[in-house]
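Asks: This is what each chain is made of:
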Amino acid sequence: LAKTTQPISMDSYEGQEVNITCSHNNIATNDYITWYQQFPSQGPRFIIQGYKTKVTNEVASLFIPADRKSSTLSLPRVSLSDTAVYYCLVGDGVNQGGKLIFGQGTELSVKP
Amino acid sequence: DVKVTQSSRYLVKRTGEKVFLECVQDMDHENMFWYRQDPGLGLRLIYFSYDVKMKEKGDIPEGYSVSREKKERFSLILESASTNQTSMYLCASSLWRGNSPLHFGNGTRLTVT
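If you're matching them up, the sequences are chains A and B in order.
Read in order, the letters of the first sequence correspond to residues 1 to 112 in the numbering used here.
Read in order, the letters of the second sequence correspond to residues 1 to 113 in the numbering used here.
Hints are not guaranteed to be accurate.
Claimed, not checked - Under the rule of at most 25 Å between Cα atoms (straight-line distance), these lysine to any residue pairs were calculated in the SDA-like manner:
1) A:Lys3 to B:Ser87
2) A:Lys69 to B:Asn99
3) A:Lys3 to B:Glu56
4) B:Lys71 to B:Met88
5) B:Lys13 to A:Pro40
6) A:Lys3 to A:Ala60
7) A:Lys54 to B:Asn99
8) A:Lys54 to A:Thr83
9) B:Lys71 to A:Arg45
10) B:Lys57 to B:Thr15
11) B:Lys3 to A:Val59
12) B:Lys55 to A:Arg45
13) A:Lys3 to B:Tyr50
14) A:Lys52 to B:Trp96
15) B:Lys3 to A:Pro40
16) B:Lys3 to A:Glu58
17) B:Lys57 to A:Arg45
18) A:Lys52 to A:Ser74
19) A:Lys52 to B:Leu95
20) A:Lys3 to B:Lys55
21) A:Lys3 to B:Gly42
22) A:Lys3 to B:Arg44
23) A:Lys3 to B:Met88
24) A:Lys111 to A:Ile47
25) B:Lys57 to A:Asn26
26) B:Lys13 to A:Gln42
27) A:Lys3 to B:Asn99
28) B:Lys57 to B:Leu11
29) B:Lys57 to A:Ile101
30) A:Lys3 to B:Glu62
31) B:Lys3 to A:Asn57
32) A:Lys3 to B:Asp38
33) A:Lys69 to B:Leu41
34) B:Lys55 to A:Ile101
In case anyone wonders, no lab produced these hints; they're calculated from the structure.
Bound conformation, chain B alone (with noise of 0.2 Å):
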């Protein structure tokens, strides 16, 4: 079974600090994606990647970048986290083939104060 890995479920942080939120998984997937989830917003794709050092922006990419520098691995960072970025962060990963679901991990709360 797909395992997705987000390494903090809750994460807490101040205002302008560099965030990073690390997400793993363990079935050699090609995709892998970043999402943010807030109340009546639904889920919404920040970043996405096809491959190892590879990054495509998705619908709000600003204040976020992302690295993939191993098939496995996808990072978020926020590089000066605002309040407006309170959020669940959810990482999912996808084999390249068009009809692949996505595996989502269970995600991370992260709260900027």
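The following block holds chain A by itself, in its conformation from the complex (with noise of 0.2 Å):
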């Protein structure tokens, strides 16, 4: 299984843009790279998924380098309430078992 790792922590201000990048060197043919959101008290929430080049959707863009063995989260003009823990995760379930693994997470804390 794909291991990652991530920043523990980020702080950044309301308005800017912020990168969270992932490094996954193990990263298998199969795998894909999902990026979830939580807030306390809650349940990670699904944000955007990619495998090669980049994804965008209405929340977030994915970069992912040719050789894939990182990947960055962009949020665009962040505001307080993207305040959470981010995590990426690696992997394919179908080939794994269904086995999924999350990382430690990243902090993001937007300030005012």
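Put the complex together from the two separate chains, hints included.
Replies: What follows is the structure, encoded as structure tokens:
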């Protein structure tokens, strides 16, 4: 299973763009990269998923270089409500028998 | 929208009690998962199930068992609760296909005294 490494915490200010990078050096060919957001006292919530290059949705963008050994979640113009823990998950549920492992996550604090 | 419902938001039990945590999903998902979350340790996988009556151990199955008699329901059982099982328990579900995202419930905060 691919192990992920993320910064433990990050600080930002309202209106700034925030980039959170996740390292996954032993990512396998079939693995997807998925990011989740978790607010206190709630379960994690799916944000975005990609396999290669760039993916964008209404919430975030995900940048994946050609070697796929890392990925960067980009949150445009953050607000106070983006304060949360962000998890990077790498895996392919089918080939790993459904086993999906979370890393420690990045605690993002957005200040006014 | 997928809904994963955990039966209790907060639960207080005594050491040695048998504890049942229930989880129901309404989207016909094949996979269901139980995680526990502790400060500084992140989310750790206890058990998962990819079909009715099927179960697989995660990283920390000791002291826990699971039951999946129906596709929509996945139960986590603490046979004899101990204080070190005080934690936030999170249930999730997903489709079988490899890149299917997890959908989580809001968690059950269990305190064992």
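Asks: Against each hint, give a clear statement of whether it holds in the structure.
Replies: Consistency of the hints with the structure:
1. A:Lys3 to B:Ser87: holds (24 Å)
2. A:Lys69 to B:Asn99: Cα-Cα ~18 Å, so holds.
3. A:Lys3 to B:Glu56: Cα-Cα ~20 Å, so holds.
4. B:Lys71 to B:Met88: The hint holds at about 23 Å.
5. B:Lys13 to A:Pro40: holds (23 Å)
6. A:Lys3 to A:Ala60: The given pair, whose Cα atoms are some 23 Å apart, holds under the 25 Å limit.
7. A:Lys54 to B:Asn99: holds (16 Å)
8. A:Lys54 to A:Thr83: With Cα atoms ~24 Å apart, lysine 54 of chain A and threonine 83 of chain A stay inside 25 Å; holds.
9. B:Lys71 to A:Arg45: holds (22 Å)
10. B:Lys57 to B:Thr15: holds (24 Å)
11. B:Lys3 to A:Val59: holds (21 Å)
12. B:Lys55 to A:Arg45: holds (24 Å)
13. A:Lys3 to B:Tyr50: holds (22 Å)
14. A:Lys52 to B:Trp96: holds (21 Å)
15. B:Lys3 to A:Pro40: holds (19 Å)
16. B:Lys3 to A:Glu58: Holds, at about 21 Å.
17. B:Lys57 to A:Arg45: holds (23 Å)
18. A:Lys52 to A:Ser74: holds (15 Å)
19. A:Lys52 to B:Leu95: holds (21 Å)
20. A:Lys3 to B:Lys55: Between lysine 3 of chain A and lysine 55 of chain B the Cα gap is close to 23 Å, so the pair holds against 25 Å.
21. A:Lys3 to B:Gly42: holds (14 Å)
22. A:Lys3 to B:Arg44: holds (13 Å)
23. A:Lys3 to B:Met88: holds (23 Å)
24. A:Lys111 to A:Ile47: Distance of about 21 Å is within 25 Å: holds.
25. B:Lys57 to A:Asn26: holds (23 Å)
26. B:Lys13 to A:Gln42: Given pair lysine 13 of chain B, glutamine 42 of chain A holds - Cα atoms ~21 Å apart, limit 25 Å.
27. A:Lys3 to B:Asn99: The given pair, whose Cα atoms are some 17 Å apart, holds under the 25 Å limit.
28. B:Lys57 to B:Leu11: It holds: about 24 Å lies between the C-alpha atoms, which stays within 25 Å.
29. B:Lys57 to A:Ile101: holds (12 Å)
30. A:Lys3 to B:Glu62: OK: lysine 3 of chain A and glutamate 62 of chain B at ~22 Å, within 25 Å.
31. B:Lys3 to A:Asn57: holds (22 Å)
32. A:Lys3 to B:Asp38: holds (19 Å)
33. A:Lys69 to B:Leu41: Holds, because 24 Å separates the two Cα atoms, which is no more than 25 Å.
34. B:Lys55 to A:Ile101: holds (16 Å)
Hint violations for this structure: none, all hints satisfied.
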